[in-house]
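Q: Sequence:
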Amino acid sequence: MEVDQRLLRELEAMGFSKDRARMALSSGNSSIEAAIDWLADHENDTVTSETPTIPEAEVVVNINIEASDSFQISEKVKLRAQELRNQARNKKADQEKKLEREREKARIRAGKELLEAKRMAEESERKRFGYDFLFTFSVIRFLAQRKADKEEEKRAREKILQKLQQDKLERREMLGLPKEGTIPMKPDTRLPQTTKPVDALPVKHSAARERMRECLRSLKHQNKDDNAEAMRAFQALFICVRNIVSNPEEEKFRKIRLNNPVFQDRVGKFEQGVEFLELCGFERVEGGNFLLLPREKVDMGLLNLAGTELQSALTNPFFGLLSG
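The sequence shown begins at 1 in UniProt numbering and counts up one residue at a time.
In case anyone wonders, no lab produced these hints; they're calculated from the structure.
Among the clues, some could well be false.
[Said to hold, decoys possible] Below, in silico cross-link-like pairs of lysine-lysine (PhoX-like), each with a Cα-Cα straight-line distance of 20 Å or less:
{"no.": "1", "residue 1": "Lys252", "residue 2": "Lys127"}
{"no.": "2", "residue 1": "Lys127", "residue 2": "Lys204"}
{"no.": "3", "residue 1": "Lys255", "residue 2": "Lys269"}
{"no.": "4", "residue 1": "Lys297", "residue 2": "Lys252"}
{"no.": "5", "residue 1": "Lys76", "residue 2": "Lys18"}
{"no.": "6", "residue 1": "Lys224", "residue 2": "Lys297"}
{"no.": "7", "residue 1": "Lys255", "residue 2": "Lys297"}
{"no.": "8", "residue 1": "Lys224", "residue 2": "Lys159"}
{"no.": "9", "residue 1": "Lys159", "residue 2": "Lys147"}
{"no.": "10", "residue 1": "Lys224", "residue 2": "Lys163"}
{"no.": "11", "residue 1": "Lys18", "residue 2": "Lys92"}
[To be verified] The following label-pair restraints were derived from C-beta to C-beta distances:
{"no.": "12", "residue 1": "Glu12", "residue 2": "Gln95", "range": "23 to 33 Å"}
{"no.": "13", "residue 1": "Leu79", "residue 2": "Glu102", "range": "31 to 41 Å"}
{"no.": "14", "residue 1": "Val298", "residue 2": "Glu125", "range": "15 to 25 Å"}
{"no.": "15", "residue 1": "Val285", "residue 2": "Glu116", "range": "47 to 57 Å"}
{"no.": "16", "residue 1": "Arg109", "residue 2": "Asp226", "range": "51 to 61 Å"}
Yeah, the Cβ is synthetic: ideal placement off N, Cα and C, and Gly gets one too.
Please build the complete structure, drawing on both the sequences and the hints.
A: Rendered as structure tokens:
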């Protein structure tokens with residue numbers, strides 16, 4: 001069997017006999033380290049007649065088996081073989097450690113990606129639920145309050161008609177025309193509410209609701225010549241309340257800097273706007289420079305009422321006409 005002559009020469013240079021070096025290479029070892037390991041493991045083996053050799057110039061070489069039996073690997077070769085083994089083990093151990101570190105990094109990265117995906121899914125679900133809840137709540141509240149809004153619209157129309165009739169009488173009087181008779185002012189046709197809403201409100205919420213409604217009426221009456229100003233304030237307040245209902249954990253929705261230019265332009269310049277937020281639970285903090293709704297004081301029932309009143313102010317064209 002032909003063997004690698006270079007490896008054969010290296011083994012001979014290290015002190016191994018040519019026969020033992022050839023035996024090591026003929027046993028399937030293709031590297032110097034593997035051959036040394038094999039020789040170290042078989043140091044007590046004898047060279048048999050079956051050991052393959054390479055003919056040199058077709059001359060059969062007779063091997064003196066008796067002389068080879070007593071051959072022992074030198075101490076230097078043993079140390080070299082052990083050193084190579086240790087190097088191989090250390091290299092393998094280092095590779096295992098490196099692979100383990102890479103696997104650990106991959107596990108950590110996968111865990112972070114999984115947590116981030118879960119957080120995003122929960123955030124999306126929470127936002128979706130918040131908007132769905134607000135929409136459902138708004139529809140239910142709006143329908144429940146529609147009857148009261150219609151009564152208010154009716155009273156507003158009657159008041160306008162009465163003013164028109166009164167103006168007509170005054171013009172007839174100025175022109176010297178006979179009076180058609182005075183039209184008595186109709187008494188308040190509001191009836192005491194004898195039935196409770198579908199979801200009866202606590203006394204505290206009922207009182208707050210009336211004060212909220214009065215704030216919005218006063219704000220609209222103050223801007224009766226510029227309805228767009230009032231609508232912008234109502235819209236800003238509605239967005240503020242909606243954001244808190246949808247994201248109660250987000251402090252950025254629960255803390256407002258009073259001198260913020262956008263806030264001042266839409267809400268802050270109106271005393272009623274700031275009072276409305278205080279009725280929702282906001283408190284003045286940091287020397288009165290900020291409005292803050294503490295997390296533990298977030299009252300979803302109260303905020304829902306605020307949303308209902310703001311939606312009524314935004315959608316009811318007769319809202320606030322009877323005040324003042």
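Q: Next step is simple, just say for each hint if it's right about the structure.
A: Results of checking the hints against the structure:
1. Lys252 <-> Lys127: 15 Å, holds
2. Lys127 <-> Lys204: 29 Å, violated
3. Lys255 <-> Lys269: The given pair, whose Cα atoms are some 17 Å apart, holds under the 20 Å limit.
4. Lys297 <-> Lys252: Since the Cα atoms of Lys297 and Lys252 sit roughly 15 Å apart, the hinted pair holds (cutoff 20 Å).
5. Lys76 <-> Lys18: Answer holds: Lys76 to Lys18 is near 17 Å, not above 20 Å.
6. Lys224 <-> Lys297: The hint is violated at about 34 Å.
7. Lys255 <-> Lys297: 13 Å, holds
8. Lys224 <-> Lys159: 16 Å, holds
9. Lys159 <-> Lys147: With Cα atoms ~19 Å apart, Lys159 and Lys147 stay inside 20 Å; holds.
10. Lys224 <-> Lys163: Answer holds: Lys224 to Lys163 is near 17 Å, not above 20 Å.
11. Lys18 <-> Lys92: 31 Å, violated
12. Glu12 <-> Gln95: 23 to 33 Å: Check passed, 32 Å falls within 23 to 33 Å.
13. Leu79 <-> Glu102: 31 to 41 Å: 34 Å, holds
14. Val298 <-> Glu125: 15 to 25 Å: 20 Å, holds
15. Val285 <-> Glu116: 47 to 57 Å: 33 Å, violated
16. Arg109 <-> Asp226: 51 to 61 Å: Holds: the Cβ-Cβ distance is about 57 Å, inside 51 to 61 Å.
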